[in-house]
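J.: Full structure from sequences and hints, please.
For the protein sequence lines, the chains are A and B, in the order given. According to my numbering, the stretch in the first sequence is residues 1 to 560, in order. According to my numbering, the stretch in the second sequence is residues 1 to 560, in order.
The hints are simulated quantities; they were obtained by calculation from the structure and are not laboratory data. This one's a predicted model, so the numbers in the text were calculated from it and none came from an experiment.
Once the Cα atoms are required to be at most 30 Å apart in a straight line, the calculated BS3-like pairs of lysine-lysine come out as:
{"hint": "1", "chain 1": "B", "residue 1": "Lys135", "chain 2": "A", "residue 2": "Lys421"}
{"hint": "2", "chain 1": "B", "residue 1": "Lys12", "chain 2": "B", "residue 2": "Lys135"}
{"hint": "3", "chain 1": "B", "residue 1": "Lys351", "chain 2": "A", "residue 2": "Lys299"}
{"hint": "4", "chain 1": "B", "residue 1": "Lys292", "chain 2": "A", "residue 2": "Lys315"}
{"hint": "5", "chain 1": "A", "residue 1": "Lys342", "chain 2": "A", "residue 2": "Lys359"}
{"hint": "6", "chain 1": "B", "residue 1": "Lys292", "chain 2": "A", "residue 2": "Lys351"}
{"hint": "7", "chain 1": "B", "residue 1": "Lys415", "chain 2": "A", "residue 2": "Lys406"}
{"hint": "8", "chain 1": "B", "residue 1": "Lys359", "chain 2": "A", "residue 2": "Lys292"}
{"hint": "9", "chain 1": "A", "residue 1": "Lys421", "chain 2": "B", "residue 2": "Lys415"}
{"hint": "10", "chain 1": "B", "residue 1": "Lys288", "chain 2": "A", "residue 2": "Lys292"}
{"hint": "11", "chain 1": "A", "residue 1": "Lys359", "chain 2": "B", "residue 2": "Lys292"}
{"hint": "12", "chain 1": "B", "residue 1": "Lys351", "chain 2": "A", "residue 2": "Lys292"}
{"hint": "13", "chain 1": "B", "residue 1": "Lys292", "chain 2": "A", "residue 2": "Lys299"}
Restraint ranges, calculated between C-beta atoms of paired labels, are given here:
{"hint": "14", "chain 1": "B", "residue 1": "Gln384", "chain 2": "A", "residue 2": "Lys343", "range": "57 to 67 Å"}
{"hint": "15", "chain 1": "A", "residue 1": "Glu56", "chain 2": "B", "residue 2": "Ala436", "range": "39 to 49 Å"}
{"hint": "16", "chain 1": "B", "residue 1": "Lys315", "chain 2": "A", "residue 2": "Arg13", "range": "49 to 59 Å"}
{"hint": "17", "chain 1": "B", "residue 1": "Lys359", "chain 2": "A", "residue 2": "Asp286", "range": "23 to 33 Å"}
{"hint": "18", "chain 1": "A", "residue 1": "Ala362", "chain 2": "B", "residue 2": "Pro499", "range": "58 to 68 Å"}
{"hint": "19", "chain 1": "A", "residue 1": "Gly312", "chain 2": "B", "residue 2": "Ser62", "range": "34 to 44 Å"}
{"hint": "20", "chain 1": "B", "residue 1": "Arg54", "chain 2": "A", "residue 2": "Asp286", "range": "45 to 55 Å"}
{"hint": "21", "chain 1": "A", "residue 1": "Gly148", "chain 2": "B", "residue 2": "Lys406", "range": "33 to 43 Å"}
{"hint": "22", "chain 1": "A", "residue 1": "Lys550", "chain 2": "B", "residue 2": "Gln435", "range": "39 to 49 Å"}
For each residue, glycine too, the CB sits at the ideal point set by N, CA and C.
Number of protein chains: 2
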Amino acid sequence: MTWQEAVSEKRKRQLASIPQEWTLASLPSKDHLDISVFPDSCGLLTPTELEITRSEIDGLLSKLAKGDWTSVQVTTAFYKRAIIAHQLTNCLTEIFVEKALAKAAECDDYLKQTGKVLGPLHGLPVSLKDQINIKGIESTMGYVSWIGTFAERNAVLVDMLDSLGAVPFVKTNVPQTLMWGETFNNIFGRTCNPHNRSLTSGGSSGGEGALLALRGSPLGIGSDIGGSIRIPSSFCGIYGLRPSHGRVPYAGCVNSMEGQDSIMSVLGPMSNSLSGLKCFMKAVVDAKPWYKDALVIPKAWSEEDYRLVNHGGGKLLCFGILWDDRCVVPNPPIIRALEMTKKALLAAGHKVVDWEPFKHDALSRTSYEIWGAGCDEDYRVVAQISGEPVISTMGPDGNSEPGESKHKGGISAYKLWQVQKQKRDLRQEYLEYWQATQKTTGTGRPVDAIISPVAPYAAPPHGFNRITDYTRIWNVLDYTTLVIPVSKVDRHLDVKKLPHKFYSDRDKDNYDRYDPETFRNAPVAVQIVGRTLEEEAVIGMAEIVDTALKATKSQTASYL
Amino acid sequence: MTWQEAVSEKRKRQLASIPQEWTLASLPSKDHLDISVFPDSCGLLTPTELEITRSEIDGLLSKLAKGDWTSVQVTTAFYKRAIIAHQLTNCLTEIFVEKALAKAAECDDYLKQTGKVLGPLHGLPVSLKDQINIKGIESTMGYVSWIGTFAERNAVLVDMLDSLGAVPFVKTNVPQTLMWGETFNNIFGRTCNPHNRSLTSGGSSGGEGALLALRGSPLGIGSDIGGSIRIPSSFCGIYGLRPSHGRVPYAGCVNSMEGQDSIMSVLGPMSNSLSGLKCFMKAVVDAKPWYKDALVIPKAWSEEDYRLVNHGGGKLLCFGILWDDRCVVPNPPIIRALEMTKKALLAAGHKVVDWEPFKHDALSRTSYEIWGAGCDEDYRVVAQISGEPVISTMGPDGNSEPGESKHKGGISAYKLWQVQKQKRDLRQEYLEYWQATQKTTGTGRPVDAIISPVAPYAAPPHGFNRITDYTRIWNVLDYTTLVIPVSKVDRHLDVKKLPHKFYSDRDKDNYDRYDPETFRNAPVAVQIVGRTLEEEAVIGMAEIVDTALKATKSQTASYL
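T.: In structure tokens, the structure reads:
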């Protein structure tokens, strides 16, 4: 069987896994770009299903716990909406309605018989990035070679979600290798941005981004090694958390570059609200994942940290705003999002200072060199099993021009160590740099968190998400980072500026490509960047930022 | 200048740094092997100095805090004793009396003027393994190439010790490269075991081991990547803690194989008592080292964990005893130490079960492969600066036969990742293996801690510490591990056994080499092995084991 035949067979199986009655007879035409309101208006969802899928996660969990809504009802509603989202954006990989509804029914039975919930996520459907193994289901991760390999065990996180009462119900699309900031592979094809289908949903957790933006799931789990949770969260207008390494169990997933122990991929939550991120993190950490995954750090969830006890109780925070990393100047909508955030924080009584970038270019370079040390061989070893080419571009041409990897041949272990040593030193320098801000904040503390762009642009056209430095450097530093949606590209507010003095060709290229019409309707977000393993405090500070932004927006309609 | 000339010049400087009045006119002859009581009887120390250097750390700190003893007095006493120890075992590298006494005087002044202590380690002299940088002092780490390189900055830990009120006062000997379980290099030569100078002090923190065993320091800081704290602690009869990675700040030290991010070296305390280990760990962690070293995990010191709240309050613990790793059977004194520990724990009302080794050979192999990936180039790059050969044996011939490293050329980064992936999987399997013991302990918990040999022998003759698996596998697993001295080799109690069925040539060789006379007077210890980042609980459990052993010993004089 050729790899193309394997793909064709897999696609047929995927199609057959979709219940006929949930497919839409008439879909918006391809040139209908913004399909974000379509699920609400398409008529497939009942009024209750619309209410369910529009609910915030706290409300959902409370109604599930009280039995006001059954898990079968809630799971069905989200499943139907997920299938609608899939037909609009091509966001799903594995669809297993029967298995999910069986688990949902178990939840309902348990509640009925005992009057108790199974756990803090009782009855809640949860979507999973394709790489997260569910027993008996494929995790192709966009590799044709892995079609037909059915997981023998649940990933540790899936077992935990199970114990917490959650209902894993779909898996979502990724780029082949996961090492792209967009979502395209030879098996499932491309995931589009629901706000403008000519734009990318981002990646590598791009299936999650599109699905969640269309409210086809209340909570999704992505992974992030260089921005893979935050880029799609930003591009699709949702919330996403990249925890530090060692907080959320990763064992039992498939992955790229396994054994690369230096800049590690992490799992984290994506949702339509901050409370979605918090309830996942608290539930998982409270369940002591360090007894289930050898790489998880034994560190209990701290409500004290969440209440910002080490940040002056959150009363007078000092944020540093990174306007520009001195490599690529962000486009106007991104600068506007930062300005909105600044204004909102000042209005809420907090302090805001400028955050000067510190060796961001060097930080960025080390990540390329560390991953480049062996990635080419890693990808080829898997791809060659099926004969599928390693994809060399996320552009519309797909893999028609494989070309040669610039990382071909890799480097020696000793050379890798030299780069990793540089990385370690940069992390140390960055810590000292951050600590030194204590002298200037006036709060008695160093800057509490950094507000940073997620990318120097809003979601770009397919194939053009080429600058991932604004997310990637925080992975190198292993800082906790959370994305908050702020606005959408607006051609009146985000007019093109006069050229600045360009840092580089990349910077000029980014300037040249900007045109508000290209990015029409694309969401715009910021990242809240905290310290390593500071998940509780970053969520706490993000709530302050989000509340401040919402307060400003409600006063200034033009920003919406 | 040849490397030999550089050595000669450095040795002259070392000699000149020793105050004349602290040198001994008459030293025991070379065939006087056990010199452990010599410092007490040599006449150089005054009665008060003897009292000071024989004190337990809690008593010392309390007298220093109250001003009963000044820091100058205490530092002088330990310095004199350290110089005696050095003349007997060759344990020191850097000697800086003036600098240390100046800091001690500062402590005294502060206390006098304010009535307060500088910190929890107020006035306490602390010895440091050679690799720990002190501004203005060399850290040759046994490399001739690094003679004449004076540290520009303190290591983070030295700054912290300074703030905590401690007085760094000597640096201690190591093997060239640090990657040996003995202590010999071309600059300072060999450190001997104070209990029997024909035996090794162990390594790589062997200078610390010999110094502390002779009470030439109340607290020493060593490092451990494969046993380098635990081997000398065991061989010299002291207590030593290998914390998990990320608990004690390492930034700013020199090291081997920097950038090797997979199985990392850690710093940890060595002392004559468990309270020495605890007071160091608590003082350092309470000072929030994660704001000073980017690799330290933000995890507060937990008295609750120390009180064993997660281990049933320490009332009925279940220990697993590893009698044999199925690779090399320990010699009779080691088995006796395990038997003594078992008996003591049973007498104290705890449970003891056998701990079956799980893939210890595979764990051991991964560490060799990971370090072997680039170590040869790492060593050569440094050694070739001076032209000094890379030492190829710790035996009496030293580096007379350099030979060729079996790791020559190293491996590719991609191949390294494959081994690191195996390591990760083994860690996960070991966690699951350990968790599964919950079914059989009868306590409702998995085994609380493992009691393991530190090596399959007591301190062997120089050049024969060749089996480091019993310590190294716990580094691969990143488990918290603590060494407790138990007994000494006794030719009546530790008679050679009849041959067993050998696992391998290594096993046979270990059997063949055993003869109680060879190991005369060598200390014997056990390791308490807990989970990753479980420092508090491991210290808490070690206190229970230590107390139980002391109770048994006081009843059974023959064991002493």
